[in-house]
Each structure stands twice: as structure tokens, then as C-alpha cells.
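J.: Produce the complete structure using the sequences and hints provided.
Quick mapping for you: the protein sequence lines, in order, are chains C and V.
My numbering puts the first sequence at residues 1405 to 1517.
My numbering puts the second sequence at residues 177 to 289.
Hints are computed from structural coordinates only; laboratory data are not their basis.
Careful, some of the hints might be misleading.
To be verified - Computed spacing ranges between beta-carbons, pair by pair:
| no. | chain 1 | residue 1 | chain 2 | residue 2 | range |
| --- | --- | --- | --- | --- | --- |
| 1 | V | Asn198 | C | Thr1444 | 38 to 48 Å |
| 2 | V | Asn217 | C | Leu1517 | 12 to 22 Å |
| 3 | C | Lys1474 | V | Lys221 | 20 to 30 Å |
| 4 | V | Asn198 | C | Pro1422 | 35 to 45 Å |
| 5 | V | Thr241 | C | Gly1431 | 25 to 35 Å |
| 6 | C | Pro1473 | V | Ser254 | 42 to 52 Å |
| 7 | V | Asn198 | C | Lys1474 | 20 to 30 Å |
| 8 | C | Leu1517 | V | Leu258 | 13 to 23 Å |
| 9 | V | Gln236 | C | Lys1430 | 36 to 46 Å |
| 10 | V | Leu258 | C | Pro1422 | 26 to 36 Å |
| 11 | V | Lys221 | C | Gly1445 | 39 to 49 Å |
| 12 | V | Leu258 | C | Val1413 | 24 to 34 Å |
| 13 | C | Ser1424 | V | Asn217 | 20 to 30 Å |
| 14 | V | Ile288 | C | Lys1430 | 15 to 25 Å |
Unchecked claim - In silico DMTMM-like cross-links for lysine to aspartate or glutamate, where the CA-CA straight-line distance does not exceed 25 Å:
| no. | chain 1 | residue 1 | chain 2 | residue 2 |
| --- | --- | --- | --- | --- |
| 15 | C | Lys1432 | C | Glu1483 |
| 16 | C | Lys1417 | C | Glu1505 |
| 17 | V | Lys286 | C | Glu1461 |
| 18 | V | Lys276 | V | Glu218 |
| 19 | V | Lys221 | C | Asp1476 |
| 20 | V | Lys244 | V | Glu234 |
| 21 | C | Lys1430 | V | Glu218 |
| 22 | V | Lys221 | V | Glu191 |
| 23 | V | Lys244 | V | Asp178 |
| 24 | C | Lys1484 | C | Glu1461 |
| 25 | C | Lys1432 | C | Asp1475 |
| 26 | V | Lys221 | C | Glu1415 |
| 27 | V | Lys244 | C | Glu1505 |
| 28 | V | Lys244 | C | Glu1415 |
| 29 | V | Lys286 | V | Glu234 |
| 30 | V | Lys253 | C | Glu1461 |
| 31 | C | Lys1432 | V | Asp260 |
| 32 | V | Lys276 | V | Asp178 |
| 33 | V | Lys253 | V | Glu234 |
| 34 | V | Lys221 | C | Glu1483 |
| 35 | V | Lys221 | V | Glu184 |
| 36 | V | Lys244 | C | Asp1475 |
| 37 | V | Lys253 | C | Glu1505 |
| 38 | C | Lys1430 | C | Glu1505 |
| 39 | C | Lys1432 | C | Glu1505 |
| 40 | V | Lys286 | V | Glu184 |
Ideal Cβ placement from N, Cα and C applies to all residues, glycine included.
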Amino acid sequence: AQTIHQWPVAEIKAVGSPLSLGCTIKGKSSPNLYWYWQATGGTLQQLFYSITVGQVESVVQLNLSASRPKDDQFILSTEKLLLSHSGFYLCAWRITGGAYEQYFGPGTRLTVL
Amino acid sequence: GDSVTQTEGLVTLTEGLPVMLNCTYQSTYSPFLFWYVQHLNEAPKLLLKSFTDNKRPEHQGFHATLHKSSSSFHLQKSSAQLSDSALYYCALRANTGNYKYVFGAGTRLKVIA
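T.: Structural data, given as C-alpha cells:
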């Protein structure tokens, strides 16, 4: 069975500070991975997707970047946080075939002060 | 571009009454549709997915039928339970081989005794 882990569980950071959020998936080789952002009370906004190591595509620009250093790892980062970066960050992987439904990790709650 | 519309922001129901949450979509190609449920401070979980044939997906008493003629995928349940209170998202994946997923704004379902 596949398991998806995100770290940290929560972060409180200052405006202008750097950020790195991680996502690891086990039990699935060469997964398609995604980053989503959810503002408090808002919908899910897809940020990035990656279909293989070293390849990341951006869906929306939010002064964030993503990298796929290993087959099972997806990293979201920025060098300078903005207040607007606050929210819930979710990593997801998708089924291969059929409807290609996605499954989400537990998420990281980020508060920028 | 692709879009998903959920017209109700909040639906309040008395326990035992039927549930219907609306979802309509726009997509150039025949998309796959999904319903996700999100409880407070948790990640979204897949509730239902559409099928390419005329099967009606069903899970935990919820069901939804994809109507291509009206571009709809409404979520229904015959009898609401207190535990159904949550945020429900309708989402689509365009059937074009790309990796973009679009989520609706979400509908909060509140079931009262």
C-alpha cells in the first residue's frame, strides 16, 4: 500500500524568511506528484506537478519553487516568504490509469507572521 | 479553460433529510469528475469518481451521476447524518493527457440534529 508523508506538520515563519516543505511517497515507483495550496477558507489550487525525477512543471506562480530530487521525494520552497503564503500545503499522488484520481498527504499548515 | 462551479457555499440540513450538492463543469474534452470530502484540519479524501460508462459511483451512501448533456456531477445522499458535516469539493481532470486538476470552490455541508 502507498503511504504519503509530509513534513513538517506545521510551521510558523516570519515574512522574508526561507521555507522548505517536503513530501515523500512510499510503495509507488515513479509516481506523479503534485503540490497544492489551500488558503484558509479557500479552495485547492494546484501549484506544481512532476512526472519524473528532475522534472517539475509550474501551474501557477506564487513566488514558490519546487524540485524532485528523488523518485519518491517532492520539495516546495521559497527564499522569501510573504504573508500571502500562509495556508495549508498538500502533496498528492495520482493513480496511473482509469480516472487518474489523486490521493492527498496529511498536509503542512503554514502561518507567516 | 476548464472550470468547476459549486454554487452553494453552505448547505445546512436536518439529520435524515436528503442531500444534494451541485457541481457543474466546463471542459473542452470529456473530463473525469471527482468528489472529495475534507473534515476540519484534515486533508481532502476521495469520495467518488466518475466512470466512462454509465455506472453510478457510490460510497458511504453518497452517489453521483455524470450527465454530459448538462455538464453536471451532483452529489446525493438519501439521508444526511451528523457525521456527514464537512467541506465537499468537486474536481475535474481534463481527459487530454495533461496533468492539471481543477477544483471547485467547495460546499460546506452542516447537518444539524
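J.: Hints first: check each against the structure and report whether it holds.
T.: Tested hints:
Here the CB-CB span from Asn198 of chain V to Thr1444 of chain C is close to 24 Å, at odds with the stated 38 to 48 Å. For Asn217 of chain V and Leu1517 of chain C, the Cβ-Cβ distance of about 19 Å falls inside the hinted range of 12 to 22 Å, so the restraint holds. Distance hint check for Lys1474 of chain C and Lys221 of chain V: the Cβ-Cβ separation is about 26 Å, which falls inside the suggested range of 20 to 30 Å. Between Asn198 of chain V and Pro1422 of chain C the beta carbon distance is about 42 Å. The supplied range of 35 to 45 Å therefore holds.
In this structure the supplied range 25 to 35 Å holds for Thr241 of chain V paired with Gly1431 of chain C, their Cβ-Cβ distance being about 33 Å. As the Cβ distance of Pro1473 of chain C to Ser254 of chain V is approximately 48 Å, the hint placing it in 42 to 52 Å holds. Between Asn198 of chain V and Lys1474 of chain C the CB atoms are about 42 Å apart, so this pair departs from the stated range of 20 to 30 Å. In this structure, Leu1517 of chain C and Leu258 of chain V break the distance hint of 13 to 23 Å, their C-beta atoms being roughly 36 Å apart.
Roughly 27 Å separates the CB atoms of Gln236 of chain V and Lys1430 of chain C, a value that falls outside the hinted 36 to 46 Å. One distance hint, 26 to 36 Å for the beta-carbon pair Leu258 of chain V and Pro1422 of chain C, is violated here, with the actual separation near 43 Å. For Lys221 of chain V and Gly1445 of chain C, the hinted distance range of 39 to 49 Å is not satisfied, since their beta carbons lie about 19 Å from each other. Restraint check, Leu258 of chain V to Val1413 of chain C: a C-beta distance of roughly 28 Å satisfies the suggested window 24 to 34 Å.
A beta carbon spacing of about 22 Å between Ser1424 of chain C and Asn217 of chain V agrees with the range 20 to 30 Å that was offered as a hint. A beta carbon spacing of about 41 Å between Ile288 of chain V and Lys1430 of chain C contradicts the range 15 to 25 Å that was offered as a hint. Restraint check for Lys1432 of chain C and Glu1483 of chain C: not satisfied, since their Cα atoms lie roughly 30 Å apart, outside the 25 Å limit. For the hint linking Lys1417 of chain C to Glu1505 of chain C, the alpha-carbon distance of about 33 Å lies beyond 25 Å, and the restraint is violated.
For the proposed pair Lys286 of chain V and Glu1461 of chain C, the alpha carbon gap of about 37 Å is over 25 Å, so the pair is violated. Only pairs whose Cα atoms come within 25 Å are accepted, and Lys276 of chain V paired with Glu218 of chain V is accepted, the gap being roughly 23 Å. Our distance criterion of 25 Å between C-alpha atoms is met by Lys221 of chain V and Asp1476 of chain C, whose separation comes to about 21 Å. Simply put, Lys244 of chain V and Glu234 of chain V have alpha-carbon atoms about 18 Å apart, close enough for the 25 Å limit, and the pair holds.
Restraint check for Lys1430 of chain C and Glu218 of chain V: the C-alpha separation of about 20 Å stays at or below 25 Å, so the hint holds. The straight-line distance between the Cα atoms of Lys221 of chain V and Glu191 of chain V is roughly 22 Å, inside the 25 Å bound, and the hint therefore holds. Taking the CA atoms of Lys244 of chain V and Asp178 of chain V, the gap is about 14 Å. The hint holds against a cut of 25 Å. A C-alpha spacing of about 21 Å is found between Lys1484 of chain C and Glu1461 of chain C, which places the hinted pair at or below 25 Å, so the restraint holds.
Straight-line distance between C-alpha atoms of Lys1432 of chain C and Asp1475 of chain C comes to about 9 Å, which keeps the hinted pair within the 25 Å bound. At roughly 23 Å between alpha-carbon atoms, Lys221 of chain V and Glu1415 of chain C fall within 25 Å of each other, so this suggested pair holds. Distance restraint check for Lys244 of chain V and Glu1505 of chain C: the Cα-Cα separation of roughly 19 Å lies within the 25 Å cut-off, and the hinted pair is therefore satisfied. A C-alpha spacing of about 43 Å is found between Lys244 of chain V and Glu1415 of chain C, which places the hinted pair above 25 Å, so the restraint is violated.
A C-alpha spacing of about 21 Å is found between Lys286 of chain V and Glu234 of chain V, which places the hinted pair at or below 25 Å, so the restraint holds. About 38 Å separates the Cα atoms of Lys253 of chain V and Glu1461 of chain C, which puts this hinted pair outside 25 Å; it is violated. Distance hint between Lys1432 of chain C and Asp260 of chain V is unfulfilled; the C-alpha atoms sit about 31 Å from each other, more than 25 Å. As the CA atoms of Lys276 of chain V and Asp178 of chain V are separated by approximately 9 Å, the hinted pair is consistent with the 25 Å bound.
A threshold of 25 Å between alpha carbons decides the hint, and for Lys253 of chain V with Glu234 of chain V the separation of about 9 Å falls inside it, so the pair holds. Taking the CA atoms of Lys221 of chain V and Glu1483 of chain C, the gap is near 31 Å; set against the 25 Å cutoff, the hint is violated. Our distance criterion of 25 Å between C-alpha atoms is met by Lys221 of chain V and Glu184 of chain V, whose separation comes to about 20 Å. At most 25 Å may separate the alpha-carbon atoms for a hinted pair to count; Lys244 of chain V and Asp1475 of chain C exceed this at roughly 37 Å.
Pair hint Lys253 of chain V plus Glu1505 of chain C holds up; C-alpha atoms about 22 Å apart against a cutoff of 25 Å. For the suggested pair Lys1430 of chain C and Glu1505 of chain C, the alpha carbons sit about 17 Å apart, so the restraint of at most 25 Å is met. Restraint check for Lys1432 of chain C and Glu1505 of chain C: satisfied, since their Cα atoms lie roughly 15 Å apart, inside the 25 Å limit. A threshold of 25 Å between alpha carbons decides the hint, and for Lys286 of chain V with Glu184 of chain V the separation of about 12 Å falls inside it, so the pair holds.
Checked against the numbered hints above, the structure violates hints 1, 7, 8, 9, 10, 11, 14, 15, 16, 17, 28, 30, 31, 34, 36; every other hint is satisfied.
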